[in-house]
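Engineer: Okay, here's what each chain looks like letter by letter:
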Amino acid sequence: MRLLRASKGNYQFHLGEREKHVFCEVLGLYPCIPPAHQPLSKNAKLPDGEVNQHLLDEALAEQRAENQKLLQTFLSDPLRLVAIKKQGDDGFRLTLSPAELEWLLQILNDIRVGSWLKLGSPEEPRLVLNAATMPHVWAMEASGHFQVQLLAAVEKRDAGS
Amino acid sequence: MAEIAAPEVRPGTVETVEDKPELTRDPGYLVICWNDPVNFMDYVTHVFQRVFGWPRVKAEFHMLQVHEQGKSILARESLEKAEHYVHQLQKHSLHATMERDE
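As given, the protein sequences belong to chains R and S, one line each in that order.
Using this note's numbering, read the first sequence as starting at -8 and increasing by one per residue.
Using this note's numbering, read the second sequence as starting at 1246 and increasing by one per residue.
Just chain R, same shape as in the assembly:
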């Protein structure tokens, strides 16, 4: 994934054939974080704690469902990833508005954090690779790769503005 242009209006990226495949595959894993995963508070001293926890879980579940719908639209849009046939630069053009980029960052981070949770939330950066862990390690690393590219694009645009 290579940033071609970052302006106020939009971001344009180049993705190679295999990278485009990985991009779509990894996005297809959303959502990875289990529902009702996060507590609102670490102690029980909040007023109406249970009710508020329930409301938070509900709000996050609604957002997850909405994101799934948007992701389906995103991935099935033929104009989203446009094939480019240029000598020496074959691949795909991905164009994102700033809001879409923000949204993608959220989606990718859900996949990254959710995969890490499936690995047992390891503290060590070095992960044990075996048949059981490999899919989650792959998802964590692949989503992280795209996150880094998107964040770099935002930084570049902010530095230029």
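What the hints contain is simulated information worked out from the structure, not anything from laboratory work.
All figures in this text were calculated on a predicted structure; none of them were measured in a lab.
Among the hints, a few may not be true.
Claimed, not checked - Here are the simulated DSS-like pairs of lysine-lysine, each with C-alpha atoms no more than 27 Å apart in a straight line:
1. K1316/S to K1326/S
2. K11/R to K(-1)/R
3. K36/R to K1316/S
4. K109/R to K1316/S
5. K60/R to K1303/S
6. K147/R to K1326/S
7. K33/R to K147/R
8. K1326/S to K36/R
9. K1326/S to K1303/S
10. K109/R to K11/R
11. K(-1)/R to K1316/S
12. K33/R to K1326/S
13. K147/R to K11/R
14. K1316/S to K33/R
15. K1303/S to K1316/S
16. K76/R to K11/R
17. K147/R to K77/R
Following the hints, complete the assembly by docking chain S onto the known chain R.
Structural biologist: The following block gives chain S in isolation, referenced to the frame of chain R:
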């Protein structure tokens, strides 16, 4: 793709700039972000900027506090506002909670 843009814009910079969190004594709910080894430092900084409308320097300060001290108090707010911020941070998959300031 306007459909995608819609839900993201609401909690973004425009809205949160208006109600910047203030570390005042009153009322008394702390919005806390906790360290984890999975979220990228740049991502955490980015989310703080977006959710609170902070400049990069302030967002980085709190990100480093999370990283080095295990947590950072991001805001002291009313119950409703603290809930709003925790929701926004959790929506971005950050480890955030709210605690009563005692």
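Engineer: Would you mind marking each hint as holding or not holding in the structure?
Structural biologist: We went through each hint and held it up to the structure:
A C-alpha spacing of about 19 Å is found between K1316/S and K1326/S, which places the hinted pair at or below 27 Å, so the restraint holds. Restraint check: the Cα-Cα separation between K11/R and K(-1)/R comes to about 24 Å, which is no more than 27 Å; the hinted pair holds. With a C-alpha separation of about 19 Å, the suggested pairing of K36/R with K1316/S holds against the 27 Å cut-off. Restraint check: the Cα-Cα separation between K109/R and K1316/S comes to about 23 Å, which is no more than 27 Å; the hinted pair holds.
The straight-line distance between the Cα atoms of K60/R and K1303/S is roughly 35 Å, outside the 27 Å bound, and the hint therefore fails. A threshold of 27 Å between alpha carbons decides the hint, and for K147/R with K1326/S the separation of about 32 Å lies outside it, so the pair is violated. Distance restraint check for K33/R and K147/R: the Cα-Cα separation of roughly 37 Å exceeds the 27 Å cut-off, and the hinted pair is therefore not satisfied. Taken as a hint, the K1326/S and K36/R pair is honoured in the structure, with Cα atoms around 17 Å apart against an allowance of 27 Å.
Distance check on the hinted pair: K1326/S and K1303/S sit about 20 Å apart at the alpha-carbon level, within 27 Å; holds. As the CA atoms of K109/R and K11/R are separated by approximately 25 Å, the hinted pair is consistent with the 27 Å bound. A C-alpha spacing of about 33 Å is found between K(-1)/R and K1316/S, which places the hinted pair above 27 Å, so the restraint is violated. Annotation: proposed proximity of K33/R to K1326/S holds, straight-line Cα distance about 18 Å (limit 27 Å).
A threshold of 27 Å between alpha carbons decides the hint, and for K147/R with K11/R the separation of about 22 Å falls inside it, so the pair holds. A distance of roughly 13 Å separates the Cα atoms of K1316/S and K33/R; the hinted pair therefore holds under the 27 Å criterion. This hinted pair checks out: K1303/S and K1316/S have alpha carbons roughly 15 Å apart, not beyond 27 Å. The straight-line distance between the Cα atoms of K76/R and K11/R is roughly 14 Å, inside the 27 Å bound, and the hint therefore holds.
A C-alpha spacing of about 26 Å is found between K147/R and K77/R, which places the hinted pair at or below 27 Å, so the restraint holds.
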